[in-house]
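Undergrad: Sequence:
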Amino acid sequence: MNPNVLKTNNQSEKTIHWLAKNQETFVKAWLYGYEVEKEKLYTVKFANEDFGKMYIGFLKRVNKLGVSSLPLNNDEVKSWFTEDELKRFKFWNNSAFEVVEVEK
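At the far end of the sequence shown sits residue 152, using our numbering, and the numbering has no gaps.
Just so you know, these hints were derived from the structure itself, not from any lab.
Here are the simulated DSS-like pairs of lysine-lysine, each with C-alpha atoms no more than 30 Å apart in a straight line:
| id | residue 1 | residue 2 |
| --- | --- | --- |
| 1 | K86 | K112 |
| 2 | K126 | K112 |
| 3 | K135 | K112 |
| 4 | K101 | K138 |
| 5 | K101 | K88 |
| 6 | K135 | K86 |
| 7 | K101 | K86 |
| 8 | K88 | K69 |
Using C-beta positions, here's what the derived DEER-type ranges look like:
| id | residue 1 | residue 2 | range |
| --- | --- | --- | --- |
| 9 | N58 | K88 | 26 to 36 Å |
| 10 | K69 | K108 | 34 to 44 Å |
| 11 | E72 | A95 | 39 to 49 Å |
| 12 | V110 | S143 | 26 to 36 Å |
Glycine residues also receive a C-beta, built at the ideal position from the N, C-alpha and C atoms.
When you get a sec, could you build the whole thing from the sequences and use the hints?
TA: Given below as structure tokens:
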């Protein structure tokens with residue numbers, strides 16, 4: 049695979065490097081198909097339920113975290129998070145919050 053073709057097609061350096069090092073994997077995926085493993089998603093709520101179940105949500109329009117009595121996940125609110133997102137927000141392994149995997 050010619051790196052110049054990839055650069056011409058606006059591929060990132062990371063992509064070009066991966067393809068150069070993994071040509072056989074790429075060809076097998078192209079010929080035989082592949083499955084993309086979906087990252088697990090989680091909801092997070094306050095562990096203390098003195099005031100009822102209060103879920104954490106990300107309000108997309110204002111770019112801030114908020115709370116809701118339901119774990120909403122739609123165009124306006126995101127309440128399903130990846131492990132990395134929860135670690136960034138300091139909810140992962142935090143005893144003040146309960147993290148539960150979303151069952152699809």
